[in-house]
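Colleague: As given, the protein sequences belong to chains A and B, one line each in that order. Note that the first sequence covers residues 1 to 114 in this note's numbering. Note that the second sequence covers residues 1 to 316 in this note's numbering.
Simulated from the structure, these hints should not be mistaken for laboratory data. Do not take every clue at face value.
Which stretches of chain B does chain A cover? Using the computed rule of at least three CB atoms under 8 Å from a CB of chain A, they are [what the hints assert, rightly or not]:
no.: 1; stretch: 26 to 40
no.: 2; stretch: 118 to 131
no.: 3; stretch: 222 to 229
Idealized CB from N, CA, C, for every residue including glycine.
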Amino acid sequence: MTVKHTTDATFRADVLESDKPVLLDFWASWCQPCLRMGPILESIDETHGDKIQVVKINVDENPATAEHYRITGIPAFKVFNGGDVVKEFVGTRPEAVFVSELEPYFATGTVEAS
Amino acid sequence: MRDVVIVGSGPAGYTAAIYSARADLSPLVIAGSVDAGGELMKTTEVENFPGFPGGILGPELITNLQEQAEKFGAEIVYDDVTNLELSGDIKKVTLASGEVVEARAVILSTGSAYRMLGVAGEDRLMGHGLSACATCDGFFFRNKNVAVVGGGDSAMEEATFLTRFADTVTVIHRRDTLRASKIMQERAFANPKISFIWNAEVTELVGDDAVSGAVLRDTVTGETRTIDLDGLFVAIGNDPRTELVKDQIELTPTGFIAVDGRTSRTTLPGVFAAGDVLDPTYRQAITAAGSGCVAALDAEHYLANIEAVAPVAVAS
Numbered sequence: 001m002t003v004k005h006t007t008d009a010t011f012r013a014d015v016l017e018s019d020k021p022v023l024l025d026f027w028a029s030w031c032q033p034c035l036r037m038g039p040i041l042e043s044i045d046e047t048h049g050d051k052i053q054v055v056k057i058n059v060d061e062n063p064a065t066a067e068h069y070r071i072t073g074i075p076a077f078k079v080f081n082g083g084d085v086v087k088e089f090v091g092t093r094p095e096a097v098f099v100s101e102l103e104p105y106f107a108t109g110t111v112e113a114s
Numbered sequence: 001m002r003d004v005v006i007v008g009s010g011p012a013g014y015t016a017a018i019y020s021a022r023a024d025l026s027p028l029v030i031a032g033s034v035d036a037g038g039e040l041m042k043t044t045e046v047e048n049f050p051g052f053p054g055g056i057l058g059p060e061l062i063t064n065l066q067e068q069a070e071k072f073g074a075e076i077v078y079d080d081v082t083n084l085e086l087s088g089d090i091k092k093v094t095l096a097s098g099e100v101v102e103a104r105a106v107i108l109s110t111g112s113a114y115r116m117l118g119v120a121g122e123d124r125l126m127g128h129g130l131s132a133c134a135t136c137d138g139f140f141f142r143n144k145n146v147a148v149v150g151g152g153d154s155a156m157e158e159a160t161f162l163t164r165f166a167d168t169v170t171v172i173h174r175r176d177t178l179r180a181s182k183i184m185q186e187r188a189f190a191n192p193k194i195s196f197i198w199n200a201e202v203t204e205l206v207g208d209d210a211v212s213g214a215v216l217r218d219t220v221t222g223e224t225r226t227i228d229l230d231g232l233f234v235a236i237g238n239d240p241r242t243e244l245v246k247d248q249i250e251l252t253p254t255g256f257i258a259v260d261g262r263t264s265r266t267t268l269p270g271v272f273a274a275g276d277v278l279d280p281t282y283r284q285a286i287t288a289a290g291s292g293c294v295a296a297l298d299a300e301h302y303l304a305n306i307e308a309v310a311p312v313a314v315a316s
C-alpha cells in the first residue's frame, strides 16, 4: 500500500468509488500541523493500509473538493465508506490515538488486492 | 542511561539541547509527535529575535535551532512523553512507543497549550469556522468576514495576517486597551480592514455545522448582542502544559512550574524547567531560549556535583 494523492479531477475514482474505506487528509504545504501529520499518515498506511486507503488532497491545488466538503480548518480528515463520509476529525493527533479512533472504520474481512 | 533528557522542542528545549550538547552531555530531546517545534510553528515572520535583522519565519527559526543542537550531538525523537517519574536519582521518561528512557537529569520545556474560550459549541465548531491557527486556516476565509478574540501580540498578528484573505477582520477584546506591543497595535490600527469591538467577550458561538456568528456580552454594561461572522479565531492566551508533572513538583498558584529564584531548579533535585511552562510574564521566543540556556547550565552543574560526590555510583 502507498499513500495516494488525489485531485479534484480524480477524486471520484480515488475516494468515492474506492472499494475500501478511505481516510482522506486535507492538507497544504503552508500548514505546519499538516506537515507534522504526514509521517503519521504514512505509518498508518504502512501498518493498516490493507484495511483503510490513505488518500491526501492538497487544498491549495484542489480548491473545489475542499469547498465542496466545506473545509475551513486543516489538517482535516474524513473517513469515506461507499462514497459517504462516515467520520470526521479536525486537528493533529498522535498516531496511537488516531489509530484507535480509526479502528471502528477499518474494512472487515479480506479485501482483495487490486 | 542518559545524562539529560529534554521534554519539548520549542526555543527553550532546543537551546537547552545546544548548551547541554556542547557540554558533552549527549542530550535526548523528546520533541513530540504532533506538537514538535511548539508555538513558533504557528507564527509567520518573527521580527524580534535578536540576530535576524530581516526577520525569520517561526518554523525556520525552529529548524535552525534544531540543526544547531544536532550539530553538537543532541539526539531528537519525535514521540510523545506519556509518563514521567521524576523523584529519585534516576528519572524515568516513558514514551508513547512504550520505550522507557532513564536519565540523571530532566529539563521540562513543555511550553503551553492554546486556551479555549470555554463556551458552548466550541468542540463541535472547531475546524468548522472556529480556529486557533490563523496561518493554517486563514486561507479558507477569502472574501469573508472573520473575528479574532484577544488583545495580545498573537491576536494582533493573527488579525493582521487574516487581512490577506478576509474582507473584514474584527478584533474582539474584553478590555478597552490592548496588551499587545506598540508596534503590533499600530500595525493593526493602521490596517483599514481591521476594526475593534472593545469591552466585549464571546459568550456563545452561533451555528449548527459551521460558525455563522457569535453572541457578545458587553463587559461594562452586561448587554448582549449577536454579530454575524464566517469565522472566529481565538487568541486569548495559553496555559502551561503541566499535566505530566503537576502531582510531582510544585506549581505556582497560577499553575506554572515553580522554580527557585532566578534558577531553573524545580522542587525535585535533577529536574529543571525552561520556557513558557514556567513563565507567566514574558513569554517570548528569546526569553524561552534564554531560559533553556539557564536550565542546561543548571543541569550541567547538578550532574557535575553528583559525580564529585559519588564518582563511581553510576555507570552508563
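Colleague: Determine for every hint whether it applies to the structure shown.
Modeller: We went through each hint and held it up to the structure:
{"no.": "1", "hint": "26 to 40", "verdict": "holds (count 5)"}
{"no.": "2", "hint": "118 to 131", "verdict": "holds (count 6)"}
{"no.": "3", "hint": "222 to 229", "verdict": "violated (count 0)"}
The structure fails to meet hint 3 from the earlier list, while all remaining hints are met.
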